[in-house]
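Listed in order, the protein sequences are those of chains A and B.
For the first sequence, the numbering used here assigns the number 2 to the initial residue and increments by one for each residue that follows.
For the second sequence, the numbering used here assigns the number 47 to the initial residue and increments by one for each residue that follows.
Simulated from the structure, these hints should not be mistaken for lab results.
A hint or two may mislead.
[What the hints assert, rightly or not] Partial pick of chain B residues on the chain A-facing surface, computed with a CB cut under 8 Å:
1) Gly74
2) Thr77
3) Gly86
4) Gln87
5) Gly88
6) Leu91
7) Arg94
8) Glu98
9) Leu137
10) Ser141
11) Gly147
12) Tyr148
13) Phe150
14) Gly151
15) Ser152
16) Gly153
Remember, it's a predicted structure, so these values are computed and weren't measured experimentally.
All residues carry an ideal CB built from backbone N, CA and C; glycine is no exception.
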Amino acid sequence: AQSVTQLGSHVSVSEGALVLLRCNYSSSVPPYLFWYVQYPNQGLQLLLKYTTGATLVKGINGFEAEFKKSETSFHLTKPSAHMSDAAEYFCAVSDPGGSNYKLTFGKGTLLTVNP
Amino acid sequence: EAGVVQSPRYKIIEKKQPVAFWCNPISGHNTLYWYRQNLGQGPELLIRYENEEAVDDSQLPKDRFSAERLKGVDSTLKIQPAELGDSAVYLCASSLTSNYGYTFGSGTRLTVV
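Only chain B is shown next, with the shape it has when bound in the complex (with noise of 0.2 Å):
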């Protein structure tokens, strides 16, 4: 079985630049959910979707931020314009709707310059 597969696994961007992360959950996993991790902090929830509706997006810093999931599979994260704080590793993780254990994809570590 495929795990959470995300990408790119690295980027390196200008500041004001626009940037997308992509993540295809593990397949008949529901829900879906999009966490950053800055340096040396552990992850931090950004939007939990259950299908393609986002139920938890209160941690999504809305100015900057957006996520979609069309059709309720891959989800793509974007930051618009990106700043230097935004510089994390972006972590998508997926689950059926009744199993508590996440799986986990590898991450996108971005890097704003």
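One chain only, chain A, in its complex shape (with noise of 0.2 Å):
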């Protein structure tokens, strides 16, 4: 069974520094993987994700996430964080392929942003 593990549930930066938002996954085959952003009572929003090809994925907003098997990670960061930013992070993965869409989600990680 896959499993998703979000390391520190609330991580807290100031404005324009680094966003680092760790993210572990546990799976007999290389997942995909998926980060999403919630704001508050809103849904999840696609930040990006990675199927194949190129282990370093770009998303919207700023954000990239690189994938390392070794490590069995997919941190997403982001250079200079911005207000704008502050929302639950949330990293999924699904099996590759097949019929089975899937998604296990982490926990989530909450992003504050500090002026």
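Each of the two chains sits in its own frame; use the hints to bring them together as a complex.
Following this line, the structure appears as structure tokens:
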């Protein structure tokens, strides 16, 4: 069974500082990997995804993530935090290929950005 | 393009009462999902539809939960009777069958008192 671990339920950074949100997965085969963002009282919005190919994936709003198979990680980064980045971030995995599109989510990391 | 539309946004009911949630997916999206998000947790899949067929309902508590997707478009998720532990946000999502990028609706926040 797949599982996702997000280290740190709450991360706080200063505006302009580096954002690093950690995600590790457990899977018998390299999965497809996703990061979603959820603003208060809203649904989840896809930030970026890794399926195949280049392991460094760029997403919206200046975020990027790197798939590291040897570390079973898919950490999310942004060089300079903006106040508008304050939200909850979820890492998710799914089985590659086949007809199973089920996403397994981590518990989320709440990002706060201090002025 | 309209996104995934869910209603109502909020619902407060007393325990043992029935409740229903409605979802209208993005036009042309064959795959529809219902997820439940408990407070402080990530979403968990309840049921997945391919057109009108429920192809994965293994996580749906069938004693009190039911869902339908008539004509392979809109979907309804029902709880009867509701329990206190059902308080959560119920999220609907849709995708093209060959596209792994879900689009989520804004969710329905259910409070059972």
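Verification of the hints:
no., hint, in the structure
1, Gly74, "16 Å, violated"
2, Thr77, "6 Å, holds"
3, Gly86, "7 Å, holds"
4, Gln87, "6 Å, holds"
5, Gly88, "3 Å, holds"
6, Leu91, "5 Å, holds"
7, Arg94, "7 Å, holds"
8, Glu98, "16 Å, violated"
9, Leu137, "6 Å, holds"
10, Ser141, "7 Å, holds"
11, Gly147, "5 Å, holds"
12, Tyr148, "7 Å, holds"
13, Phe150, "4 Å, holds"
14, Gly151, "5 Å, holds"
15, Ser152, "5 Å, holds"
16, Gly153, "5 Å, holds"
The structure fails hints 1, 8 (numbered hints given earlier, in ascending order).
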